[in-house]
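Novice: If you want the building blocks of each chain, they are given just below.
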Amino acid sequence: MRRSKLLFVPFWATYVFLYLPIVVLVVMSFNSGRSAYTYEGFSLKWYGELAHDDRVRDGLVNTLIVAAGSTVIATVLGTLLAVGLARHSRSKLLDAIALMPAVLPDLVIAIGLLLFYGLIALTLGLYSTVLAHGLFSMSFVAAVVRTRLANADTSLEEASRDLGAGPVETFIRITLPQLAPGIVAGALLAFTLSLDEFVIAYFTIGNTEQTLPIVIYSMIRFGVTPKINALAAILLLVSFTAVIAGQRMTKIGEARAQD
Amino acid sequence: MKSEVKARPVSRWRGRRLGAFVFLSPGVTYLIVLLLVPLALVLSNTVFQRGRFGGVVYEFTTENFERLVDPLYLGVVVVSLKLAALTTLVALLIGYPTAYVIAQLPRKWKTVALVAIVLPFWTNFIIRVYAWIILLSGPGLVNSLLGTHMELLYKQGTIVAGLLYSYLPLMVLPLYSAIERLDPQLREASANLGASGFTTFRKVTLPLTVPGVLTGCLFVFVPSFGNFVIPEILGGSKSIMVGNLIRDQFLKARDWPFGATLALALIAVLIVLLLAQAWAARRA
Numbered sequence: 001m002r003r004s005k006l007l008f009v010p011f012w013a014t015y016v017f018l019y020l021p022i023v024v025l026v027v028m029s030f031n032s033g034r035s036a037y038t039y040e041g042f043s044l045k046w047y048g049e050l051a052h053d054d055r056v057r058d059g060l061v062n063t064l065i066v067a068a069g070s071t072v073i074a075t076v077l078g079t080l081l082a083v084g085l086a087r088h089s090r091s092k093l094l095d096a097i098a099l100m101p102a103v104l105p106d107l108v109i110a111i112g113l114l115l116f117y118g119l120i121a122l123t124l125g126l127y128s129t130v131l132a133h134g135l136f137s138m139s140f141v142a143a144v145v146r147t148r149l150a151n152a153d154t155s156l157e158e159a160s161r162d163l164g165a166g167p168v169e170t171f172i173r174i175t176l177p178q179l180a181p182g183i184v185a186g187a188l189l190a191f192t193l194s195l196d197e198f199v200i201a202y203f204t205i206g207n208t209e210q211t212l213p214i215v216i217y218s219m220i221r222f223g224v225t226p227k228i229n230a231l232a233a234i235l236l237l238v239s240f241t242a243v244i245a246g247q248r249m250t251k252i253g254e255a256r257a258q259d
Numbered sequence: 001m002k003s004e005v006k007a008r009p010v011s012r013w014r015g016r017r018l019g020a021f022v023f024l025s026p027g028v029t030y031l032i033v034l035l036l037v038p039l040a041l042v043l044s045n046t047v048f049q050r051g052r053f054g055g056v057v058y059e060f061t062t063e064n065f066e067r068l069v070d071p072l073y074l075g076v077v078v079v080s081l082k083l084a085a086l087t088t089l090v091a092l093l094i095g096y097p098t099a100y101v102i103a104q105l106p107r108k109w110k111t112v113a114l115v116a117i118v119l120p121f122w123t124n125f126i127i128r129v130y131a132w133i134i135l136l137s138g139p140g141l142v143n144s145l146l147g148t149h150m151e152l153l154y155k156q157g158t159i160v161a162g163l164l165y166s167y168l169p170l171m172v173l174p175l176y177s178a179i180e181r182l183d184p185q186l187r188e189a190s191a192n193l194g195a196s197g198f199t200t201f202r203k204v205t206l207p208l209t210v211p212g213v214l215t216g217c218l219f220v221f222v223p224s225f226g227n228f229v230i231p232e233i234l235g236g237s238k239s240i241m242v243g244n245l246i247r248d249q250f251l252k253a254r255d256w257p258f259g260a261t262l263a264l265a266l267i268a269v270l271i272v273l274l275l276a277q278a279w280a281a282r283r284a
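Heads up: the sequence lines are chains F and Y, in that order. The first sequence begins at 1 in full-length UniProt numbering and counts up one residue at a time. The second sequence begins at 1 in full-length UniProt numbering and counts up one residue at a time.
Chain F extracted, bound-state conformation (with noise of 0.2 Å):
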């Protein structure tokens, strides 16, 4: 088939619109001089000042303590969901339902979840953002688990069933064991996603604390510092090794799956 040449305009421009701001960010977190526009030279001086901004070191506590605590969550939550919908249910509702949290748009669930919030007069805090994020990596981890579920041969579920055991021994001594790396990469989906995540911590966090995403859209607003891009340099850098490191494990998994 002939390619057309003039096709690979846009292919490269797709790419350079991709990664040209983000290079341009790391490049300036390197400025040595105070604004955040004009390069003047290289220094680190922007990461030894991030290393002592309690806000900052407040907000990556929080971010960490709302990512792991939602990631327990939406992972055993998300894995027994997965189990329960390929196993034990046929219905489409249910399965519609369990993919709803990442369908809908992240400021309508954020919405809901603080009218209901308000309802039960709940003090907004950490624990009301790790519910919250716990609800929609749940849906991912779900979806992640059961694809694999989906690829999964059955035989060896069955002949333990046929052997006398009941569905819980069945899925912890076989099913569990097949689904590792489905689950290890789902968990991981459901950290980097509560990384992340800021419009529905904005509104669920309340007034006293602050997740990562939180302090950085703040001081956006109040004004523009290469401190800010040495902190988004940093957390690029995070997310993307994190991306690489779940396709990786998804690799493994399925070759492991193959042999």
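There could be a bad hint or two in this list.
[Claimed, not checked] With a straight-line Cα cutoff of 27 Å, these simulated BS3-like cross-link-like pairs (lysine-lysine) come out:
1) LYS251/F / LYS110/Y
2) LYS5/F / LYS82/Y
3) LYS5/F / LYS110/Y
4) LYS5/F / LYS203/Y
[As the list claims (entries may be wrong)] Just a sample of chain Y residues kept apart from chain F, beta carbon distances all over 12 Å, derived:
5) GLY19
6) ALA20
7) ARG52
8) LEU81
9) GLY147
10) ARG181
11) ARG247
12) ALA281
Keep in mind the hints are simulated off the structure, nothing from the lab. Don't be surprised by glycine CBs; every beta carbon is placed ideally from N, CA and C.
Given chain F, work out where chain Y should sit, using these hints.
Specialist: Chain Y only, in chain F's frame:
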């Protein structure tokens, strides 16, 4: 022996019920409490009145819906529709050729190209939007390269650029899988019968990838339409899109019922689009 044969189906059936309960009840409870109840609250709040100091007074009113059709608010909805539609259109125009080229790449490069498309998507979108401030601001890179001092920020076009930047991967991926699934023999047959490259594209490739096009458009339009962070960071402080308006009703004006009504309008638009997409995909 006989009793065993008889007992087994019963215990199996019980096992199934027990299994369904054990596996489904934790997640389903979570979904009911933190998803369905909150959604029901959004829905029910649209007919209640705002409290004097925020919150909700549970007295029936249609006032929220009357305010919704006020030209002031309707105008915001229209601007949001326009900006989201423009973003979707540009994403399609850039995304289609990109996905097309990726689908033709050798296998190894295909993976690299796809990961490179998704990678920025998995990082914090506030950071990615923020990067545009550095690029576009008065003394920023674009102006220094061009040697100009244009005001590039705080315009509707900047919002479109930010939305496009955030959601372009969501256009490329479904397009890629649609193009990838095409049988290359169809295009060869078209070429052998004398069709030019463009005619083949127009008469063979494009019609067969319509479902992918629709999915991509939906994936870009939906998050663009309700976004409030990008219009705020790149568009200045005015409430120019529905998302900003909803946020302001909840966190600034503390008018939760009207905020919920705006959210309902947002969901309604999305449901109409979803149905249209499903209908069009079935016809394609």
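Novice: Are the hints correct? Go through all of them and say.
Specialist: Going through the hints against the structure:
1. LYS251/F / LYS110/Y: The hint holds at about 15 Å.
2. LYS5/F / LYS82/Y: 33 Å, violated
3. LYS5/F / LYS110/Y: 17 Å, holds
4. LYS5/F / LYS203/Y: 21 Å, holds
5. GLY19: 3 Å, violated
6. ALA20: 4 Å, violated
7. ARG52: 15 Å, holds
8. LEU81: Holds, since 14 Å exceeds 12 Å.
9. GLY147: At about 14 Å from chain F, GLY147/Y clears the 12 Å cut-off, so the statement holds.
10. ARG181: 16 Å, holds
11. ARG247: Answer for ARG247/Y: violated, closest chain F Cβ roughly 7 Å.
12. ALA281: Consistent with the label, ALA281/Y stays out of reach of chain F, its closest Cβ about 16 Å off (over 12 Å).
The earlier numbered hints that this structure contradicts are 2, 5, 6, 11.
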